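Line by line, the protein sequences are chains A and B.
Here the numbering used here is used: position 221 in the first sequence is 435, and no number is missing along the way.
Here the numbering used here is used: position 140 in the second sequence is 985, and no number is missing along the way.
Since the hints were made in silico from the structure, they are not lab data.
Computed from a prediction, not measured in an experiment: that's the story for all the values here.
Here a beta-carbon is modelled for each residue, glycine too, at the ideal position from N, C-alpha and C.
Be aware that a few hints might be false.
[Said to hold, decoys possible] Straight line, CA to CA, 35 Å or less: simulated DSBU-like cross-link-like pairs of lysine-lysine:
no.	chain 1	residue 1	chain 2	residue 2
1	B	904	B	1074
2	A	535	A	525
3	B	1117	B	904
4	A	368	B	920
5	B	1074	B	999
6	B	904	A	368
7	B	975	B	1100
8	A	368	B	997
9	B	1100	B	1074
10	B	997	B	975
11	A	218	A	235
12	A	235	A	525
13	A	368	B	1117
14	A	235	A	217
15	B	1074	B	997
16	B	997	B	904
17	B	1100	A	368
18	B	975	A	368
[Unchecked claim] Computed footprint of chain B on chain A; a stretch qualifies when at least three of its residues, placed anywhere within it, have a C-beta under 8 Å from a C-beta of chain B:
no.	stretch
19	270-278
20	309-320
21	352-363
22	535-546
23	564-572
[Said to hold, decoys possible] If we take Cβ atoms under 10 Å as the criterion, some of the chain A residues that face chain B in the derived model are:
no.	residue
24	291
25	300
26	304
27	323
28	325
29	327
30	329
31	330
32	332
33	335
34	336
35	375
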Amino acid sequence: MIKKIVQRIWAVVGAVSVRSKILGIVLGFIILLGAGVIIQSRYALAATMTAQLEEQSVSVSRDVAARATDPILLNDLLGLHDLLDETLANNPNVRYAFIVDPQGQVIAQTFEGGFPLDLLTLNSVNPNEHHHSALIQTDEGLVWDTAVPILDGKIGTARIGLSDASMRAALSTLTAQLLLTIILVSATGVLVAVFLTWILTRPILALVTATKSVAKGDFTPRVPRWADDEIGDLAEAFNAMTEELARTDELRHEREVLRRQLLEKVITTQEDERRRIARELHDSTSQNLTSLIVGLRIMETNCAQCASISKATDLRDVASKTLDEVHDLSMRLRPRVLDDLGLAAALERLVSEWQARYKIPVDVAIQLNERLPGDVETAIYRIVQETLTNIARHAQAKSASILVERRDDVVRVIVEDDGVGFDISSNHGERHLGLLGMRERAELLNGTLVVESSPEHGTSIYIEMPLMERMNVLLNQEQQ
Amino acid sequence: MKKIFLLLLIAIILAACSAFPQTEIAGNVDLNDLQPLPTPAGYEVVPLRVAVAAVISPKGTVESYSPFLTYLQEKLNRPVELIQRRTYLEVNDLIEHGEVDIAFVCTSAYIQGHDSFGMELLVAPQVGGKTTYNSYLIVPTSSNAQSMSDLKGKVFAFTDPISLSGRVYPNYLIQQLGFTPEEFFARTFYTYSHDEAIRAVASGVADGAAVDSLVFEYAVSRDPALAEKVKIIHRSPDFGIPPVVASPFTRPQIKDELQSVLLEMADDPTAKDALLSIGVERFVLIDDSAYESVRSLVGVIPTSEVQP
């Protein structure tokens, strides 16, 4: 039960801002203190004033009783009336005064035009008593009624009523003043709390801003140490952490650059090597084989009757076959057409050979008006080559399509098939590695590669390659 | 958050309003519900109304005459009511119109009442074996005055406008000196009773006063310290003692009954305290002739001056 209440309170208190919390604490304490002070001082003042009222009631009554003796004895009713009127006029607290004779008859009184008869029986005094006081509830508030015997009660009793109106007024004044004080103190408290909040939250807000910057990768912001306290310590720790993060990030960045350079180097070297081998195969091996074939043919013509002629024919067939294979190998290693005629021709050649081999129709649309930078052409060619290999190996596709187009400074390549597709989220060994290698190639040239696929819905690969940036990078590299 | 503050604020205001000391309330009354006071029920038995002239203060009179009135009440078997008035003339008025049955009056008041409307002598008190008294001229002990002539230009306290010992006699003395009181004294005032006049001199409010010798002796006997504060510088000749009188309207049977009760008091042991309290040894019969000397003195002072 208590836990629930605490939770509910915390749900309210915890949800508000630090400013509200501090304001709440300040105002709460001021109001609590004010309430205590008001209750205590009202109680003390009321007690004191009640005692004073009672005392005054007794002294005024005794005075009236003493001064009423002669007028009563001398039957001086006018004098008696004047005495009571004077008493009323000179004591603002006195609400009424009257004198009763021993038979209970009112012989003088200050009410005009009648008398509240109920009042007579509410207080009385024995002749041997000094006085007798009673608290009476009236329509005008409480009244201290004091009865004093006149001449030992032989000639009557004086009754005086003191109203508590002045006391209530004093209490109201006190309360009003205290409330005003509380309001003023509260206002001051609010100002102080706002100032305090400002002091406390300013470094915290600075920390929040800096943290957001860091989250976005900007490690430059530093938080000033406002004060030599816990928040100051936090600011310092934050600054240290940011510096460390910045250093780590720089290191990571350097490694990344190195890695990319290495990769670039590897790819370039690989391409160069392939190109060299291809050329070697084409220029040297193919020439040799051709010479061999030509020699064998001459040998066949010149020596038709030779017993070993059939052998020579077989050898020529083998040599021809080898020449084809060398051509094919050279082609796959590095099609010469890519270097000589460009991407469009190389891709068309690649696709036509692939179609011939795998009997899968491919729709090719290439819109390039001019040659692209060499590394971009190589990268796109290799990616499409890899993709086609994948389709042939895994897709079980009925058809495929290739789109290559240049828009402003971006080259977009889309390769689609209608094959079995695959679940991208699942890592699938070799193919996955193949995709990774493709993406690596694209990203090396600041491009992007996106694969879209789902089982039974085919596979699409989108590649975008920026040209401008690539040029700039090349320029930069040249400058360096 | 705001709700919590609001609750706190309400709590403060409630606390501020409820802080009132707890005292038992005797009852409820509407002070503005004014009703006519009931008229007093008349006495079942008509009381004997006794007036006492203001020789001494009203309070002193009540204290002194209470045992006496109680005695009368028991003796006559009917209630006795004490009636006092500020001045002698007011008492004389009551006697003249039968509003009181008997009265203790001052000598000059008797002469005035007797001569104007037939106030009747009932008995006279006997004090110190005499039925006479004097007027004492008193001054503070510290005063250097030796006689009335030394009080010229001073403050003088008169008792009652028609008091023989308190005003008529001192006026007579001043007249003998060839002055009127207005030109003789710097200031005069009335105390309306003899004990108050003594007090006025004792406290230095007045530089001098003339008082009834009976009251003076009685006061000094009750408060010996008074003798140290005032001194007598002149004694008048003997005057007829202030008598007990009856109204012309008092029925003869009652008059006779009262007269015999008063005369027999000295022989009644139960009346001892009553007599002692009013400083009287016994009541005796007295004749109007005892007041002739006073009458001649009053005659000297013009009536207009005697009136207040």
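**Asked** When you check the alpha-carbon spacing of residue 368/A and residue 1117/B, does it fall within 35 Å?
**Response** The hint holds at about 23 Å.
Note to self: Between the alpha carbons of residue 997/B and residue 904/B, is the straight-line distance 35 Å or under?
What the structure shows: holds, 33 Å
inquiry  = Checking hints one by one. Is residue 327/A an interface residue toward chain B, by the C-beta closer than 10 Å rule?
reply    = Interface hint status for residue 327/A: holds (6 Å vs cutoff 10 Å).
Item checked: Supplied contact hint for residue 330/A, tested at 10 Å Cβ to chain B -> holds, 6 Å
For the stretch 270-278 of chain A, does the count of residues with a C-beta closer than 8 Å to a C-beta of chain B reach 3? violated (count 0)
Proposed interface contact between residue 329/A and chain B, which counts if any beta carbon pair is under 10 Å
holds, 5 Å
### Query
Between residue 235/A and residue 217/A, does the CA-CA distance stay at or below 35 Å?
Status holds; Cα separation ~21 Å.
Holds or violated: residue 1074/B to residue 997/B, with C-alpha atoms at most 35 Å apart:
The hint holds at about 21 Å.
Q.
Please check whether residue 332/A passes as an interface residue: C-beta within 10 Å of a C-beta belonging to chain B.
A. holds, 5 Å
Does the alpha-carbon distance linking residue 975/B and residue 368/A stay inside the 35 Å limit?
holds, 34 Å
Self-check item: residue 235/A paired with residue 525/A [C-alpha distance capped at 35 Å]
Solution: The hint is violated at about 104 Å.
**OP:** With a cut-off of 35 Å on the C-alpha distance, tell me whether residue 1100/B and residue 1074/B pass.
**Re:** Distance of about 42 Å is beyond 35 Å: violated.
In this structure, the hints that do not hold are numbers 8, 9, 12, 19, 22, 23, 24, 25, 26, in rising order.
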